[in-house]
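So the sequences go chain by chain: C and H.
Under this note's numbering, residues 5 to 650 are what the first sequence spells out, in order.
Under this note's numbering, residues 73 to 436 are what the second sequence spells out, in order.
Calculated from the structure, these hints are not laboratory results.
Among the hints, erroneous ones may be present.
[As the list claims (entries may be wrong)] Pair by pair, the computed Cβ-Cβ distance ranges are:
(1) C:Ala351 - H:Glu101: 35 to 45 angstroms
(2) C:Lys83 - H:Ala250: 51 to 61 angstroms
(3) C:Gly149 - H:Gly303: 30 to 40 angstroms
(4) H:Arg139 - C:Glu280: 43 to 53 angstroms
(5) C:Glu544 - H:Arg405: 39 to 49 angstroms
(6) C:Asp359 - H:Arg142: 21 to 31 angstroms
(7) H:Leu415 - C:Val622: 34 to 44 angstroms
(8) H:Ala147 - C:Tyr30: 56 to 66 angstroms
Backbone N, C-alpha and C define an ideal beta-carbon position, used for all residues, glycine too.
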Amino acid sequence: MKRAALPLALLAAAAAAAWSLAPRAYQRHLDEVTGRPGTRAVSCRHCHHPAAAPARPAAGPAGVRYLSPQGLAVTPDGKTLFVAAEGADRLLKVDLDSRQVTGSVELAGRPHGVAVSRDGRVLAVSCRDRDRVVLLDPVTLAPRGEVPTGAGPLGVALSSDGGRVFAAEGGADAVLLAGPGGAAPARDLPAGRSPYALALSRDGRVLAVANLLSNPSSSGTVPVSELTLIDAEAGRVSERLPLVSAHLSEGVVLASDASFALLPAIRVRNLLPTTEVVRGGLMNSALVLADLRTGRVAQFPLDEANAYYADPSGIALTPDDRTAFIVHGGADRVTAVDVRALRRWMAGRSQADLDDAADDLGAFARYVTGRVRTAANPRAAALSPDGRRLYVSERLADSVAVFDAATLRLAGRIPLGGPTVVTALRRGERRFYDGSATFQGQFSCRSCHPDGGMDGLTWDFEIDGLGKEVVDSMSLAGIRDTAPFKWRGKNPTLARQCGPRFSRVLMRTDPFPPDQLAELVAYIASIPPRRPGPSPESAEAEARGKALFLRTRTNRAAPIAKKDRCATCHTPPLYTIRLPFDVGTGGKFDTPYLGGIRYTAPYLHDDRAASLEEIWTVHNSSDTHGISSDMNKAQLNDLVTFLRSL
Amino acid sequence: MTGLLSVGLALAGLLHASPPADPFFERWETLGTAQGLPSKKVLSVLADGPRVWAGTENGLALLEGGRVRRVYGAAQGLAVPVVISLAVSPLTGDLWVGTMGGLARLSGGRIDLFTQLNSGLANDIVYGVAVDGRDVWAATTAGLSRHDTRTGAWELFDNTNSIMHEPWGYAITASSGAVYAAVWGGGVLVRDAPGAPFREHRDPDGEMELDMFPDDGLIHDITTSIAYEDGVLWAGTYFGLSRYDGKRWRSYTQDDSGIAGDFINFLRTKGKAVWIATDQGVSRFDSRVWHTWRRKAGAPGAELQVVEGGTKTVRALAAGPLSNEVFSVDLDRRGDAWVATDLGLSHAIARRKGQPEAARRTAQ
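Next up, chain C with everything else stripped away, as it sits in the complex (with noise of 0.2 angstroms):
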């Protein structure tokens, strides 16, 4: 007993000995690695395993890869449907009269955009992320040729003899105008921020552009998106449509004589306190008609009190003008609307009468003539040449279901041959775009993380309402492993950002079960960081810049406290060592993960920097934020081309 008791003490001693000192030394150890001296951390599994983070997600079964069909187009004859299958880079070949899918080709990077020229002999698939445009025999599906965009293709349009090929260049701001194979010049022309869907009028004189995001402004004004029009036969921007407090458009269709447009969006509130969720004041879906002939532009609402269909997304008009059909991604619906109603009540209203209307919600049995279920999350929707089949994508189902235009019936459903079985992460990725979990349907995760990203917009999210907490909204891609979430870094886990925080602070409704939030989690941790291609013209500013993010002296070759330097905090290889910290812009914020953030703008947490560049020219005028001063503007050039790297 006396041998045991001396080791016993000796031990008791050294553990007592270590439990006094270790907190000196671990706090010794943060001082020294962040330079900041009181920085906390929870624990050494905060910097040394990311444990805070959710486990990788399970991907289910070995070899399950969804289909994920995006965009549609119908061939003129409307006996064949193409569909891009983004989620298996696939375009897949449908035969409407068998309604059997008969051919697929593989198509590396995320095909999205899809159209057959009026002349049915060539077909144009966008992939966003191989920044090119394939074209295709739509007969054979062999390759024809391909056309290099600018950053993250999205819509597509053909002229009607497939000679001349349009892209919405979604990650560039811009739309593509080239000919096939260098025949013409392409040229790449301004559009609003983020192009997502394009149409092309039938007589290929006007390309109507949709934009996901609302064009640069200051941030705590109102947020205006614009209907981009092309000249399509000069190759220049004819005109631009202010959309106010309007975004996230993610089609468009053209009137066959072009005189007006139509776009779904979202009109948006984000200047009030999302407390007025509760009102359902924060967003509503809303059809946009456009008189191109006056310039007039009106928002109908294609919700009702207390029940709201989110996330309109595609859109398709019938050949005679007639209706058109809008589909709900956040609530497996698709709407119709008559426009010839529209159009009527607009024509004898003013502008003022038009702004009004756009937050009427009793207006839509002025117009809307039905709504109709689709399986999870329809995103585009296609007729048949004759106008009386219509086809929508059901991206999350891996299905197109077809229905009678007239009617809007069921007539059938495509199953394109996806997966059978439903992993745990699809189930995730569904409820991410569902908006049912919210208030009343109001709007769903993607409603201000669209494909995973940011809508660019702040947020009001202090429950009392009083503008205490304007946020920058955050973009999820590539976010995994970066907890603590929120700019303060007050949740250490997605979980209890999508659990509590999120159905009572956000959502005024119920958290979501255990199960369900762990799905969702796991989905949004699975969202892959958005990576800018290759940029070999670009290569020696970036090293250049790289050299300054990790330099440990100034210009003068004086000493940069370790707190000063970039890459103390912004820790490769995420970036971000996920403590917070006080830059000068009012207080601690954790620090950002960088992976995408030339997409990203507006920055810092309110937004207050439009740019990077402004990061340092105009907020850091005090060398808070990093050690900048010495640098001069080419440097500061070279710096932030090495950060649009990541």
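Mind docking chain H on chain C? Use the hints.
Here is chain H on its own, set in the frame of chain C:
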């Protein structure tokens, strides 16, 4: 029939006997604030198809059919609406506007402003702008900037990373990947191809204000304007004009040529001719004949000076430029000249062969 023929022959004889005083222009019109310009001081002018853009000290004016149709100022997004340089992108039709408050893109009626604070632009004072394919070049007081409109990347060239003597860019032009820049005190910078380093043309006389050996190189290092066409480089300075054909330099001053003045504000090439905006009128030179339009000294009216082969003639004109302080000049697709001066915008209406003026005006 015979009578008509006789009248025609007689008129032809009269015309042959008395050629018009001005072989280029029938008459001159003027535009000022009364006609809708936001300021009488017109610093830049650019013809773009049927449209003419006039950059003034207080905004940008769009003219169509000879009339001011629209004005863009601070409210429309030009933070500092002193418009000093203009260029149109042949690819997109967008107008690039150099101002005292940044570089603006006017596209479909929307103005996007790039400044030294919100972008990679070297400096907000943009004296010169040029578009070459997807690239937009800006000559600023702190260097030259290149903006790739597809990738959004900015590149800066100044005295710290290029051969530039000092970073004050005054004018720039670019074509097929080659770039030519006029740099105050630094002569002419040339980049022959994308990615190549800049090289320079300097005055061999260095700091000497005297052009000791004429035609030995650039006439002076204080270059203010630049133009390049058909393999010929034109450089304007405050001390005369230089021409370089790739082998030989040639200089022109008020003393030894027909140029209006040695203080050159702007150059524009049109075909084989170069138009020179100076502080003493505007000149045209086609490598053989000089024509200079200016106000008469100390008297009302204007005059046209013609210098050819050492012979100088001066012809009186009923009208001419509003002022001899000419900041910029351009010719539209009809051959009309638009002359930007400190007192307004002058519009010289070109003579047309075989079409009476009245009919032509109706056609416009």
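The hints, checked one at a time:
no. : hint                                    : in the structure
1   : C:Ala351 - H:Glu101: 35 to 45 angstroms : holds, 42 angstroms
2   : C:Lys83 - H:Ala250: 51 to 61 angstroms  : holds, 53 angstroms
3   : C:Gly149 - H:Gly303: 30 to 40 angstroms : holds, 35 angstroms
4   : H:Arg139 - C:Glu280: 43 to 53 angstroms : holds, 49 angstroms
5   : C:Glu544 - H:Arg405: 39 to 49 angstroms : holds, 42 angstroms
6   : C:Asp359 - H:Arg142: 21 to 31 angstroms : holds, 25 angstroms
7   : H:Leu415 - C:Val622: 34 to 44 angstroms : holds, 39 angstroms
8   : H:Ala147 - C:Tyr30: 56 to 66 angstroms  : holds, 57 angstroms
Checked against the numbered hints listed earlier, the structure breaks none of them; every hint is satisfied.
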